[in-house]
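*Asks:* Hey, can you work out the whole structure from these sequences and the hints?
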Amino acid sequence: MPQRNNAPRASAVLVIGLGRFGGALAATLEDLGREVLAVEKDEHLVSQWSGRVPIIEADASNPDALEQLGAQEFPVAVVGVGTSLEASVLITANLVDLEVPQIWAKATSAEHGRILRRIGAHHVVYPEHDAGQRVAHMVTGRMLDYIEMEDGFTIVKMRPPKETYGFTIGESRIRQRYGVTVLGVKSPGEAFEYASEETRINPGDTIIVSGDSGLLEAFAARP
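Going by mature numbering (1 follows the signal peptide of the UniProt record, and there is no 0), the letters in the sequence shown line up with residues -26 to -1, 1 to 197, in that order.
Incorrect hints may have been included.
Label-pair distances were calculated between CB atoms; the ranges are [what the hints assert, rightly or not]: (1) Gly25 / Phe166: 29 to 37 Å; (2) Arg91 / Leu157: 29 to 37 Å; (3) Asp38 / Arg149: 55 to 63 Å; (4) Arg88 / Leu118: 17 to 25 Å; (5) Val70 / Phe166: 38 to 46 Å.
Since the hints were derived computationally from the structure, they do not count as laboratory data. Keep in mind the model is a prediction, meaning the values are calculated, not measured. For every residue, glycine included, the Cβ atom is placed at its ideal position computed from N, Cα and C.
*Replies:* Right, dumping it as structure tokens:
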């Protein structure tokens, strides 16, 4: 088993499991210039990703293997294993035992997520469920992206309703009439602009809007 000789940087991320989720995560972190180490036990996936991201072939459900590769030195670890509930739980528990400061774990169901949280995962993500929700919101209106935060608070990227074309945000009285807040406007070929009462909305613009998810749905549904 290869061992790490140098401690990772404070921003380094350990990614365990290079399926669709873990692979996309590791590649994106690498593109962003973050130090990343991938761990995968499937030799075919290791061969596929070798040369694309730093990778070690190891079984992370074995606590000795994790310790030998220096998992305890990473400030952040992501468990991308989702097809095997047992492996996901064992790996997460191993990381908890190694006292990794931030553990992100992929869950495939609500029950899976509850187990991961009970054993100590700090963050649980549901990639397929979350993607399904986002797409559902986007296919039913003019929304281009949808991020739900907490307690119904949501941020969306969308095309503005026609009734706002040519008017400033203050003139349209969007917040007073619809209960949502325009945070910014991006016009074609122009830099993103943080919104003010004087910001004018034109056809072809993209706007960033925040507020209650129900109110945003109603605003995005306007012609």
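*Asks:* Hint by hint, say whether it matches the structure.
*Replies:* Right, here's what the structure says about each hint:
no. : hint                       : in the structure
1   : Gly25 / Phe166: 29 to 37 Å : holds, 36 Å
2   : Arg91 / Leu157: 29 to 37 Å : holds, 31 Å
3   : Asp38 / Arg149: 55 to 63 Å : holds, 57 Å
4   : Arg88 / Leu118: 17 to 25 Å : violated, 33 Å
5   : Val70 / Phe166: 38 to 46 Å : holds, 40 Å
When each numbered hint is compared with the structure, a violation occurs for hint 4 only.
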